[in-house]
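Work the whole structure out from these sequences, hints included.
One letter stands for each residue in the lines below.
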Amino acid sequence: MDLSDSPDQARYRETVRAWLAAHRDAAPPASGSNEDEAYIAARRRWQGELAEGGLAGVTWPQEYGGQGLGPIEHVIVNQEISAAGVPGILDTIGVGMLGPTLIAHGTDAQKARHLGPMLHGDEVWCQLFSEPAAGSDLAGIQARARRQDDGSWRLSGQKVWTTNAQFASFGLLLARTDADVPKHKGLTMFVVPMDAPGVTVRGLRQISGEAEFNEVFFDDVHLDADAVVGQVDDGWRTALTTLMFERLTIGLGTEGLGYKEGRFAKALAADAAARRHPEVRRRLGEIATDLIAVKFGGYRALTALQRGQIPGPEAGLAKVTLVNAAIAAGELIADTLGPDALEDGGEWAYMISFLPGLKSAGGTEEILRNTIGERVLGLPPEPRLDKGIAFSELRSREREAAAVTR
Amino acid sequence: MNLALTDEQELLREAARGSLARAGTIAAARAALEDPAAAPDLWPLAVEAGWPGLLISEDHGGADLGAFDAMLVAQECGRVLARVPLLGVLPATALLDAAGHERLEAIAAGEVRTAWLPARPPGDADEGPGWTVERARRMGREPAPRATVDGDEVAFTGSVAWVPDAAGAELLVVVGVTGEGEPVAGAIDAAAASIEAVVRYDATRGLGHVTLDGARGTRLDVGAEQVARAWYLAQALLAAESVGASEAALEMAVAYAKERFTFGRAIGSYQAIKHGLTEVLRLLENARSLLYYAGYTFADRPAEFPLAASAARSAAGRALDFAARQNITTHGGIGATWEHDAPLFFRRAQLSRRLLGGTSDATDRVAGELLAAADAA
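Those protein sequences? They're chains Z and A, same order as listed.
So for the first sequence, numbering that gives the first Met the number 0 puts the first residue at 0; every next one is plus one.
So for the second sequence, numbering that gives the first Met the number 0 puts the first residue at 0; every next one is plus one.
The set of hints was computed from the structure by calculation and includes no laboratory data.
Bear in mind that the values here come from a model prediction, so they are computed numbers and not experimental data.
We put the CB at the ideal spot given by N, CA and C, even for glycine.
One should not assume that every hint holds.
[Said to hold, decoys possible] Restraint ranges, calculated between C-beta atoms of paired labels, are given here:
no.	chain 1	residue 1	chain 2	residue 2	range
1	A	254	Z	262	38 to 46 angstroms
2	A	4	Z	221	35 to 43 angstroms
3	Z	334	A	220	43 to 51 angstroms
4	A	215	Z	3	41 to 49 angstroms
Given below as structure tokens:
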């Protein structure tokens, strides 16, 4: 068991640290509002610099502008960026998930056109998967793309929870292209230019009052035939690749959320009465135990990754622990500090407001537990009513059932 | 970064699992419910496997392994509720080895069996609020015996309750406090002490109440840090045992959830069951991750070992309690009867969570360590 760098890793860390020391003065502040255009522009420029310095796309193949390195080097870069107090890349979704999907399933022309500008932050990307009525059950999406006689497509529908859509140049979008087959079969993945006529982006305000996500509407949007990623009607397979990289990104990147035991302890340490209170100590002890467990669970996952194992759904349990421990920490701090903890714009009010949504991000806790129960523990699946039924038929059955119970 | 087990560690674990499987410990645990005296003596098995010498240096005839290796063995013992006296022996050998005790070779060879009398590090700056002497005594966290040093010898007066594996030990490792409040460790012949053997609720664990009335022995040349380290080592070992037992309880429940059908389908297909079992898995994996933290800090970051071992104990105690209860719930009514093995794990959980200060003391300690670190930062 060894948590230290190998000689090669230590040398790599030195290189990264030296680069950051030389360039940190050019970096924008580590945090800012994504509704502030000047800040976003500065973050894009900074992503370009990181890419030039080899600190973006660390695990991308070299032929696409990446470094061709492993997950450990990726983590080393994240750690050094965090230690330097500078922001990382702006487009973690593009570089972490969508770019790798294009690399796996895109055409040579798509890769040549998109990967470079994506990596450098010249073109930010967004992920257009979830819909108001399809999140955890992603294959139930209803955005519809219809093929035209000339091979082009017309797209209509709505997506939601779309991070960065307000300034994205492109989106990777999952649409239904055949409703007369079972729901996983008639899906296709597309590249969508966000400035195409018929695309409307609207900010989605969350509990905190900030709009970190968007709703995106598609009204008869034209897409060229070459917008398809992977095969027509094989979009589910393409989407699974994205979701695999999503787990990986979350698995390697939770440090960035800042839910650290030391931070919560510090918030309570100044209160002489609270720190002697058995109830406060019990709660802090349990929260901290969970957060440290998540950290070491991450190291275990990283070890598995280095040994060539693909991350499985069990990594999702770490997210459950992390989010629930952070929720408990918000409760403890608010119980201790009183209404002062709820001051608008304050550190704790923001965290407390952010967490209820994070609980369902990337799939609800309940569906995650189903998946883990079935794939990790090998428990039998919940009986399903949607297997082998054409999507159009399924939808009309759902509508009928809802009408009966209304 | 590499948390993978080494080949040697895999071997150690496999060998432990193999020899324990041949001992039929679960059947023995069941028999011991009726008659505690029926519990088989697993000491010869432990000696043959070399476990008494796990933490003893090679110069003194031991295997010179680390806490993490010892925790792997403890996990295997926990899985099958084996009554192997690791909790008594290993912290004792850690102190004896640090002091270079003269009988180490015989101890490593299993010819002399030792037991450590639990002592929460005396002179702790942060005793933790909410503890009265009476409550502390009930939880095996009592004031350390009084120590009187006389050259290379030391005499102890006091009592220590709920001492793991005290009965059957020939050499006791005692931690006391001098009149000046200095911790002192000593090794005394068991004959110099009065030991009342106790089995409480969990027949797979031997305990003892030890009374010392001027019991004399050799003073061990160890400092306060090593004394504290023994306490946290015991916390880590108890955590590891609990992880092993949780693992077994989960496997039992999962197997049953696949084969038991109600309303036309396997009960494991119901979310109520499935989510309960994934919660066991979540708590178990968290505790397992913290065993790595404890193992890592024991070897490489000793100042953090109290935090790591306490966190591991806290998480593992929680995991085992939930795993044992969920195992019973999954099995329905039969799980709460002696017809089934589930109560054996429940009994293990109940007692384990109350030994060595209790799980709640460990949780409190995590908070105390972090608050102290926040002050220092």
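Checklist line | Hint check for residue 221/Z and residue 4/A - Cβ pair distance inside 35 to 43 angstroms | finding: 56 angstroms, violated
Next item on the list: Kindly confirm whether 43 to 51 angstroms is satisfied by the beta carbon distance between residue 334/Z and residue 220/A.
Entry: 48 angstroms, holds
Check: Between residue 254/A and residue 262/Z, does the C-beta distance stay in 38 to 46 angstroms?
Finding: Since the Cβ atoms of residue 254/A and residue 262/Z sit about 42 angstroms apart, the hinted range of 38 to 46 angstroms holds.
Next item on the list: Take the C-beta atom of residue 215/A and the C-beta atom of residue 3/Z, compute their distance, and say whether it sits inside 41 to 49 angstroms.
Entry: 46 angstroms, holds
Checked against the numbered hints given earlier, the structure breaks only hint 2 and satisfies all the rest.
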